Amino acid sequence: MNAHQNDTPILRAEHFSKTLGGRKILDDCSIRMRPGDVKVLIGPSGAGKSTFLQCINCLIEPDEGEIWLGDRKIDFRNTRELCGLRERVGMIFQDFNLFDHLCAEDNVALALRKVRGMSKAEALERARMELARVGLAERAKLYPAQLSGGQKQRVAIARALAMDPTVLLLDEPTSALDPELVGEVLTVIRDLAARGMPMIMVTHQMEFARAVATEILFMEHGRVIEQGSPAELLAEGAQTRTQDFCIRLCDLCGGDASTLDGEGGTASLTPNAECPEA
Amino acid sequence: MHIFSTIFEALPYILEGTLVTVLLVVGALFLGFCLGVPMAVTQVYGPKPASRLVGFYVWFFRGVPVLLLLFLFYYGLFGLIGLEVGTIGASCIVLGMTSAAYQSQIFRGAIQSLPAGQLKAGRALGMTDGQSILHVILPQALRLSIPGWSNEYSILLKDSAMCFALGTPEIMARTHFVASRTYEHLPLYITAGLIYFAITMAGVTLLRRLERKARIPGYNNAGM
Ligand SMILES: Nc1ncnc2c1ncn2[C@@H]1O[C@H](COP(=O)(O)OP(=O)(O)O)[C@@H](O)[C@H]1O
Ligand SMILES: [Mg+2]
Numbered sequence: 001m002n003a004h005q006n007d008t009p010i011l012r013a014e015h016f017s018k019t020l021g022g023r024k025i026l027d028d029c030s031i032r033m034r035p036g037d038v039k040v041l042i043g044p045s046g047a048g049k050s051t052f053l054q055c056i057n058c059l060i061e062p063d064e065g066e067i068w069l070g071d072r073k074i075d076f077r078n079t080r081e082l083c084g085l086r087e088r089v090g091m092i093f094q095d096f097n098l099f100d101h102l103c104a105e106d107n108v109a110l111a112l113r114k115v116r117g118m119s120k121a122e123a124l125e126r127a128r129m130e131l132a133r134v135g136l137a138e139r140a141k142l143y144p145a146q147l148s149g150g151q152k153q154r155v156a157i158a159r160a161l162a163m164d165p166t167v168l169l170l171d172e173p174t175s176a177l178d179p180e181l182v183g184e185v186l187t188v189i190r191d192l193a194a195r196g197m198p199m200i201m202v203t204h205q206m207e208f209a210r211a212v213a214t215e216i217l218f219m220e221h222g223r224v225i226e227q228g229s230p231a232e233l234l235a236e237g238a239q240t241r242t243q244d245f246c247i248r249l250c251d252l253c254g255g256d257a258s259t260l261d262g263e264g265g266t267a268s269l270t271p272n273a274e275c276p277e278a
Numbered sequence: 279m280h281i282f283s284t285i286f287e288a289l290p291y292i293l294e295g296t297l298v299t300v301l302l303v304v305g306a307l308f309l310g311f312c313l314g315v316p317m318a319v320t321q322v323y324g325p326k327p328a329s330r331l332v333g334f335y336v337w338f339f340r341g342v343p344v345l346l347l348l349f350l351f352y353y354g355l356f357g358l359i360g361l362e363v364g365t366i367g368a369s370c371i372v373l374g375m376t377s378a379a380y381q382s383q384i385f386r387g388a389i390q391s392l393p394a395g396q397l398k399a400g401r402a403l404g405m406t407d408g409q410s411i412l413h414v415i416l417p418q419a420l421r422l423s424i425p426g427w428s429n430e431y432s433i434l435l436k437d438s439a440m441c442f443a444l445g446t447p448e449i450m451a452r453t454h455f456v457a458s459r460t461y462e463h464l465p466l467y468i469t470a471g472l473i474y475f476a477i478t479m480a481g482v483t484l485l486r487r488l489e490r491k492a493r494i495p496g497y498n499n500a501g502m
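Sequences listed follow chains L and D, in order.
Counted the way the working numbering counts, the first sequence spans residues 1 to 278.
Counted the way the working numbering counts, the second sequence spans residues 279 to 502.
In short, the hints are calculated from the structure, not lab data.
Here the structure is a predicted model, which is why all the values come from computation and not from measurement.
Treat the hints with care, since some could be wrong.
With a straight-line Cα cutoff of 27 Å, these simulated DSS-like cross-link-like pairs (lysine-lysine) come out [what the hints assert, rightly or not]:
| no. | chain 1 | residue 1 | chain 2 | residue 2 |
| --- | --- | --- | --- | --- |
| 1 | L | Lys24 | L | Lys39 |
| 2 | L | Lys73 | L | Lys141 |
| 3 | D | Lys326 | D | Lys398 |
| 4 | D | Lys398 | L | Lys39 |
| 5 | D | Lys398 | L | Lys114 |
| 6 | D | Lys326 | L | Lys120 |
| 7 | D | Lys326 | L | Lys141 |
| 8 | L | Lys73 | L | Lys114 |
| 9 | D | Lys491 | L | Lys39 |
| 10 | L | Lys73 | L | Lys120 |
| 11 | L | Lys114 | D | Lys436 |
| 12 | L | Lys73 | D | Lys491 |
| 13 | L | Lys141 | L | Lys114 |
| 14 | D | Lys326 | L | Lys73 |
| 15 | L | Lys24 | D | Lys491 |
| 16 | L | Lys141 | L | Lys120 |
| 17 | D | Lys398 | L | Lys24 |
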């Protein structure tokens with residue numbers, strides 16, 4: 001699956017642990033990203049997926065663990081290195097988190113100006129380019145409250161991409177969307193994957209995961225308990241926890257579990273509309 | 279009529295006091311804003327000791343009458359540290375420091391009402407906490423604060439009448455001065471009341487216009 005087996009990792013998150021409220025919600029989790037990797041994190045609600053993702057760009061500071069960007073270890077107590085890490089690691093949130101007081105293009109331009117030090121004109125030019133890439137050229141002047149959920153998420157993706165991230169983290173990017181809007185966001189993400197953008201994505205869109213993931217990591221109780229290519233984990237009769245989970249997920253929402261076992265799956269982007277992402 | 283000629287004669291004198299009152303209120307609101315915003319930010323995002331200190335400041339200024347504060351600062355503290363600012367300056371400072379306590383709580387409430395994701399999104403893009411607060415949190419929080427701020431303005435305007443006790447030549451002091459000489463208490467105090475009323479309305483209208491202008495497109499009245 002992975003064509004870049006021998007390249008050095010562009011990002012390594014090593015042995016993350018985090019205890020919150022007396023409970024270990026992250027227990028020795030690691031992930032390595034090589035160019036072109038698309039890794040999908042799945043697992044039941046409360047497994048620690050969001051926590052893991054937010055530890056990677058240090059929105060949550062892990063109690064233990066190291067982050068390496070290329071061959072440089074990040075000291076996240078150092079503000080400059082911390083901001084540098086976050087600039088290189090883009091993040092897409094479940095509920096978009098667009099800056100509500102700024103129109104779409106200003107949402108994208110803000111960090112370009114304040115972090116990259118671009119002039120207003122330069123930043124806006126780049127912002128419009130990024131918005132055009134996610135199909136929102138005409139909506140550049142609209143405010144978040146004037147956009148649909150799918151459009152908001154695409155603005156959020158444009159905002160992250162404008163910073164030229166090394167890796168993109170996506171935390172259930174389609175969970176807050178109405179079913180008919182899921183497709184437009186997944187299309188954008190699939191295009192990114194096709195262009196070789198390294199991504200770590202939490203999602204319950206299993207067909208999508210099967211189609212784009214180079215590796216699936218299954219998490220439970222704060223640990224990564226299974227890890228492998230979609231073909232390995234979801235093969236017919238693989239008897240993996242991952243497959244168990246997927247079948248239960250689809251039984252639960254009346255989906256057809258057999259499509260998950262089908263050879264190669266259908267790479268269609270029509271989502272399991274009824275699947276609630278827990 | 280005698281009453282009207284008294285008012286008419288006293289009016290320029292009282293109107294001059296109106297300028298002083300406006301100066302006091304604008305100065306105090308400005309000082310309160312300049313202190314209140316960093317105080318609110320400190321209280322929400324600052325380290326524990328700093329946030330406690332702000333809490334103590336707010337507790338003190340909210341717990342003590344303005345009149346007492348005026349005397350305490352003008353006759354007591356300012357003399358002690360040798361600060362010569364006159365009655366207008368002293369009134370402005372005391373009203374401003376009091377207003378800072380109230381304003382900080384308006385801003386704090388607004389900051390805390392914003393979704394946590396806003397700050398997270400700023401941080402996730404590589405902005406420092408300072409940049410995120412300055413460019414993401416405050417522009418939104420200040421918009422939300424306008425109605426509360428408008429309320430603070432009208433309260434402060436009326437509190438400014440208390441400065442009369444220091445001999446600050448504002449509306450109240452001047453009206454009192456004229457009234458005690460001409461014995462035309464009723465018409466004079468009614469006139470002063472109408473002036474206060476007019477300034478309140480003018481300010482509130484202005485702030486409401488600001489609120490409309492600052493409204494974020496797409497939000498309805500309830501949302502913003
Ligand atoms: N601030 C916190 N304090 C205590 N527990 C928390 C906190 N944040 C998250 N948790 C707990 O950590 C666990 C993992 O949460 P999360 O990473 O959001 O899971 P997931 O994204 O896989 O659903 C959950 O059980 C949650 O209740
Ligand atoms: Mg989650």
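Hint by hint, here is what the structure shows:
Proximity of Lys24 (chain L) to Lys39 (chain L) is assessed by CA-CA distance (about 23 Å); at most 27 Å being required, the pair is judged to hold. Pair hint Lys73 (chain L) plus Lys141 (chain L) does not hold up; C-alpha atoms about 40 Å apart against a cutoff of 27 Å. Distance check on the hinted pair: Lys326 (chain D) and Lys398 (chain D) sit about 21 Å apart at the alpha-carbon level, within 27 Å; holds. Between Lys398 (chain D) and Lys39 (chain L) the alpha-carbon distance is near 23 Å, which keeps this suggested pair within the 27 Å criterion.
Among the hinted pairs, Lys398 (chain D) with Lys114 (chain L) is consistent with the structure: their alpha-carbon atoms are about 16 Å apart, no more than 27 Å. Taking the CA atoms of Lys326 (chain D) and Lys120 (chain L), the gap is near 37 Å; set against the 27 Å cutoff, the hint is violated. Restraint check for Lys326 (chain D) and Lys141 (chain L): the C-alpha separation of about 41 Å exceeds 27 Å, so the hint is violated. Annotation: proposed proximity of Lys73 (chain L) to Lys114 (chain L) holds, straight-line Cα distance about 25 Å (limit 27 Å).
Among the hinted pairs, Lys491 (chain D) with Lys39 (chain L) is inconsistent with the structure: their alpha-carbon atoms are about 46 Å apart, more than 27 Å. Note on Lys73 (chain L) and Lys120 (chain L): the hinted pairing is violated, with a Cα-Cα distance of about 33 Å set against a maximum of 27 Å. Proposed proximity of Lys114 (chain L) and Lys436 (chain D) is contradicted: the alpha carbons are some 42 Å apart, above 27 Å. The straight-line distance between the Cα atoms of Lys73 (chain L) and Lys491 (chain D) is roughly 48 Å, outside the 27 Å bound, and the hint therefore fails.
Between Lys141 (chain L) and Lys114 (chain L), the direct Cα distance comes to roughly 20 Å. Compliance with the 27 Å bound is thereby established for this hinted pair. Only pairs whose Cα atoms come within 27 Å are accepted, and Lys326 (chain D) paired with Lys73 (chain L) is rejected, the gap being roughly 30 Å. Between Lys24 (chain L) and Lys491 (chain D) the CA atoms are separated by roughly 49 Å; this puts the pair beyond 27 Å, and the hint is violated. The suggested pairing of Lys141 (chain L) with Lys120 (chain L) holds, with an alpha-carbon distance near 15 Å, which does not exceed 27 Å.
Restraint check for Lys398 (chain D) and Lys24 (chain L): the C-alpha separation of about 23 Å stays at or below 27 Å, so the hint holds.
Going down the numbered hints, you'll see the structure goes against 2, 6, 7, 9, 10, 11, 12, 14 and 15, while the others check out.
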